[in-house]
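Asks: Throw the hints in and build the complete structure from the sequences for me.
Sequence order for the protein chains is A and B.
The first sequence begins at 1 in the working numbering and counts up one residue at a time.
The second sequence begins at 1 in the working numbering and counts up one residue at a time.
The set of hints was computed from the structure by calculation and includes no laboratory data.
Remember, predicted model here, so these are calculated numbers, not experimental data.
Do not take every clue at face value.
Claimed, not checked - A short, non-exhaustive set of chain B residues, derived as facing chain A with CB atoms under 8 Å:
hint	residue
1	Met1
2	Ile3
3	Asn4
4	Asn6
5	Thr10
6	Ser35
7	Phe36
8	Met37
9	Glu40
10	Thr41
11	Ser45
12	Leu49
13	Glu51
14	Trp62
To be verified - FRET-style restraints, in silico, Cβ to Cβ:
hint	chain 1	residue 1	chain 2	residue 2	range
15	A	Asn42	B	Gln211	29 to 37 Å
16	B	Leu199	A	Lys113	51 to 59 Å
17	B	Gln224	A	Arg111	30 to 38 Å
18	B	Trp39	A	Glu97	36 to 44 Å
19	A	Thr99	B	Ser82	26 to 34 Å
20	B	Trp209	A	Pro88	15 to 23 Å
Cβ atoms here follow ideal geometry from the backbone N, Cα and C, with glycine treated the same way.
Spelled out, the chains give:
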Amino acid sequence: MSAGEDEPRRPCAGLWNTPMVYVNGEVTTCCLDQHLENSLGNINEQPFTAIWHGPTNHAWRVAHAEDRYQDSGPFCARCNWRSAGAMPHDKVLSYLERTGEKKAAASYRKRWKLKE
Amino acid sequence: MAINLNLELTDLCNIRCRMCGQAEHPKVHRLNPNSFMSWETWKHSVDSLAEVDDEIDLCPHWLGEPCLHPEFDRFIRYAFDSNEDNRLFRHFKLHTNGTLLNEQRIDALLDCANRKDMADDTFRFVHFSVDAFTPQMYENIKKYDLGHTVYKNIVRLLERRTEKDLRWPYVTVAFIVMPENQHEALWFQSYWRRVFEQLDLDYEEVYDWPQRLADTMYFRRLHQEDQAAADQLHREVLDRLDILPLDAPGAFIEESF
Ligand code: SF4
Ligand code: SF4
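Replies: Spelled out as structure tokens, the structure:
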């Protein structure tokens, strides 16, 4: 569903689901980032998983989950995030738990009033 | 959740659609001196999918027209030749403006889509951006007089698939509803209905990305600054086409990319 204009911002599904590889091999987070401000690395230098699931994108995902959008991708900070859609709550939580981000998971549950 | 991975074969396009950001720039919209993905980058990208645990939906396109790449056929063939048992990607989708298909390319795509060494629904859709019915409107919207070519190419793909008694890929013919072309939506609908029916094909008419595996007419809403006006026009046109009543309850499903 489209998010309402006044709905609080939620973690963007783009950071998990929509890698774009530019002509020269640079990987970014979503089709909106046409000028590669969110560049995560180059596929000619590292394998795709190392880039997509690497430390930078992980830190950005956690920043989204913690409502610190200014600390995530430079383009995320000022993007009309509604076009990529929100990552479902259960998927954010399972990601945080799987990657050992217990503190972030707890604060996410609290902010969105989600049960254990 | 599957990862939708887009590998951009080129950021150039051979036409200039008025609703496309790509069209704002005379040649390239970015600063890269080489606008075609190299063989090495393609190979690295495709090969490195073997180590990915997530399910991959691959699309060889971002901003430009993929078929413009001088080695388009070789690149696509390599991806499919390497994908035995879907070891690299689970699904594949081609987005194109349809201007650059020919008999040989159509047969090559049909071969890729109907291979026996991977799941039969691997290559599910070719999505064609059409957006006009008359050649004059096509040229108005896209700046090039290629409307006839595009219609001929899409019909040829459907005919060839039928002649060969193949199922894949399904075809989406898309029409972005704009003030300029809205009066052609009905003609577009009648035309494609006739094509699908003559070929005895099961088809759908939708206002959001196709969910069902079938050939599809997709009446798409325009994204623009005044979104409310674009949405209103979209709804009026859908109502005229009898796809969605004007007062249909519920919101649109947000388009994913
Ligand atoms: S928040 Fe915006 S820039 Fe960031 S990944 Fe999502 S769509 Fe892209
Ligand atoms: S065909 Fe696609 S890339 Fe080319 S100008 Fe049109 S919308 Fe843009």
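Asks: Next step is simple, just say for each hint if it's right about the structure.
Replies: These are the hints, each one checked on the structure:
no.	hint	verdict
1	Met1	6 Å, holds
2	Ile3	6 Å, holds
3	Asn4	5 Å, holds
4	Asn6	5 Å, holds
5	Thr10	6 Å, holds
6	Ser35	6 Å, holds
7	Phe36	7 Å, holds
8	Met37	5 Å, holds
9	Glu40	7 Å, holds
10	Thr41	4 Å, holds
11	Ser45	5 Å, holds
12	Leu49	6 Å, holds
13	Glu51	5 Å, holds
14	Trp62	5 Å, holds
15	A/Asn42 with B/Gln211: 29 to 37 Å	35 Å, holds
16	B/Leu199 with A/Lys113: 51 to 59 Å	53 Å, holds
17	B/Gln224 with A/Arg111: 30 to 38 Å	33 Å, holds
18	B/Trp39 with A/Glu97: 36 to 44 Å	41 Å, holds
19	A/Thr99 with B/Ser82: 26 to 34 Å	30 Å, holds
20	B/Trp209 with A/Pro88: 15 to 23 Å	18 Å, holds
Consistency with the previously given hints is maintained throughout, with no hint failing.
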